[in-house]
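Visitor: Each chain, letter by letter, is given below.
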Amino acid sequence: MSTPASRSEVEDFLYQEASLLDEWRLPEWLALFTEDAHYLVPATDLPADASPDENLFYIADDRHRLEQRVARLMKKSGHSEQPRSKTRHMVNNVRVAACGADALSVTSAFAVYRTKDGVTDLYVGKALHELVPSAGGLRIRKKLCALDLDGLRPQGRISIIL
Amino acid sequence: MAGRVPDDGSDFVKIDRSRGRFKVSRRAFVDESILSAERAAIFDKCWLYLGHDSELAAPGAFLTRAVGGRNLIFNRDSAGTVRSFVNSCPHRGMRLCRDRAGKAKHFQCFYHGWIFGNDGKLIDQPGGESDYAPGFNADCTADLVPVPRLEQYRQFWFVCFDRNAVPLADYLGGARDYLDLTADQSEAGMAIIGGTQEYGIRANWKLLVENSYDGYHAMTTHASYLDYLRNTVGSLSRTPIDGVARDLGNGHAVVEYTAPWGRPVASWIPMWGEEGRREIDAIRQRLASRHGEARAERIALKSRNIGIFPNLVINDVMAVTVRTFYPAATDYLEVNAWAIGPSEESEWARKFRLFNFLEFLGPGGFATPDDVEALENCQRGYRNHAEAPWNDISKGMLKNEPRVTDELQIRAFWTQWNQRVAAHRHGEGAPS
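Sequences listed follow chains F and Y, in order.
Letter by letter, the first sequence follows residues 714 to 875 of our numbering.
Letter by letter, the second sequence follows residues 2 to 433 of our numbering.
Among these hints, one or two may not hold up.
Beta-carbon label-pair distances, calculated as ranges [unchecked claim]:
#, chain 1, residue 1, chain 2, residue 2, range
1, F, T833, Y, Y217, 55 to 61 Å
2, Y, S290, F, V832, 52 to 58 Å
3, Y, D181, F, S847, 49 to 55 Å
4, Y, D178, F, S764, 34 to 40 Å
5, F, A810, Y, T82, 44 to 50 Å
Each computed DSSO-like pair below joins lysine-lysine, with the alpha-carbon atoms no more than 27 Å apart [as the list claims (entries may be wrong)]:
#, chain 1, residue 1, chain 2, residue 2
6, Y, K15, Y, K400
7, F, K839, Y, K352
8, F, K855, Y, K352
Calculated from the structure, these hints are not laboratory results.
All C-beta atoms, glycine included, are put in the ideal place defined by N, C-alpha and C.
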């Protein structure tokens with residue numbers, strides 16, 4: 714891809730990502746990530762530029778751990794998501810900026826609803842996707858979900874993928 | 002009758018030592034009157050964890066924190082003295098400080114403008130000279146109200162709302178040795194690492210007490226975490242989970258055991274490579290030079306889940322977490338959890354400490370969410386308490402030396418809980 718992706722192309726990509734998550738097609742979702750990818754969810758009392766190497770996050774996965782996260786969620790022994798919850802990932806306020814030579818820095822607002830055992834929880838925040846072009850289309854090199862919450866009360870866990 | 006400790010025949014805990022049976026009533030997790038009794042007999046009486054000395058690094062540093070149902074200010078005044086005040090303006094009671102953390106010489110209540118020094122003294126109030134009687138604050142009742150008791154052990158600060166409580170060191174008793182094993186990991190002092198995991202669980206608070214040092218549930222509840230260890234090249238050493246449970250008195254208890262995970266202080270795993278091996282070896286050697294070989298080996302190779310009654314957990318496992326929690330309702334608890342490590346730790350060790358922490362611990366880890374699921378479903382199960390009234394906590398009861406996978410530590414908690422709650426309930430309404 715020689716020309717930067719348009720916002721509508723990026724939006725289509727983010728909607729596709731959301732759809733894979735909501736349909737629990739997690740191995741396909743994982744295939745959207747590069748081999749050097751990171752998936753990050755900081756604690757909610759950290760400054761925006763905090764590093765997971767120096768600060769406590771909720772999630773700081775490298776590619777290997779992200780694969781293991783998906784493997785865990787696809788198993789019966791991933792108890793926290795058994796029976797599976799229903800989720801709906803809402804994505805909007807999408808903005809696209811260049812990031813280095815070929816990458817895109819995409820920010821969006823997200824709201825994820827998770828329903829299990831008659832209880833619906835809401836996860837809301839700002840997502841940063843670093844996207845890079847590949848032969849098969851855009852790929853995610855980094856996904857960071859900064860929650861606009863004071864902790865996880867009452868959500869208690871991020872056992873789904875945001 | 003007040004203060005009398007009942008024998009084993011109370012309503013909520015049934016102990017049959019000869020037959021090795023220990024039962025806890027499920028009503029203890031659902032009954033509103035029990036929560037009221039717990040507030041009075043436990044949270045108003047016991048020493049409660051407030052925070053770590055490292056969180057107040059400089060004079061003027063402050064935090065606000067909810068402890069035992071109160072809102073507190075925890076700060077270091079300009080002279081360097083650590084203090085804690087109830088976070089209520091003496092004038093009309095408004096929550097004075099609304100920031101989570103910061104640095105301040107003064108606290109000002111925005112409602113009517115009263116200003117207090119960071120030592121709690123009233124400095125000024127609008128109309129102070131013209132509209133109030135001379136000597137208005139001569140009795141200091143317009144100063145911030147300090148917590149009744151504030152003491153620390155090895156940088157861990159505790160408060161107590163009972164003015165007549167025993168000193169903290171006496172209260173901690175046998176648990177001090179285990180706080181030492183945590184504190185001794187550092188030459189320069191342990192420090193809380195930035196970032197707080199704050200979460201809620203729709204379950205009774207005592208379920209998290211039990212779970213935090215329950216060695217029995219790992220193989221089934223955490224099967225997928227153990228799979229992760231197996232699938233992660235080099236992270237699984239051949240060490241089995243094996244060790245003991247100890248009752249430390251006063252309701253405190255610990256499990257201490259070997260485990261297959263790596264430990265930043267200081268147990269190397271192949272995943273950390275040769276550079277990591279040199280780091281870990283150096284940390285281990287410094288430990289041995291400070292504490293001797295035997296103690297260094299114990300600190301480095303043994304994992305410890307420490308429960309300090311009623312609600313402080315220090316789990317010194319693949320990383321070290323400090324965790325405290327309170328009931329907001331019989332079926333809802335709120336957790337604050339931190340990572341702690343040696344303040345002198347290298348960038349490399351800190352990075353691996355945090356990476357290790359997140360593989361297991363916290364709301365996004367590979368294990369804690371399954372604990373949350375288990376605890377919430379225990380709470381759901383207790384809706385049937387009228388028909389199915391008893392939990393069983395008997396495992397290993399007749400052993401001379403109960404193991405990490407037994408339930409001695411949980412019995413230690415419940416025995417203390419029962420003494421305090423039963424004494425309170427028996428004392429209620431009795432003439433004083």
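Visitor: Failing hints, ascending?
Guide: 1
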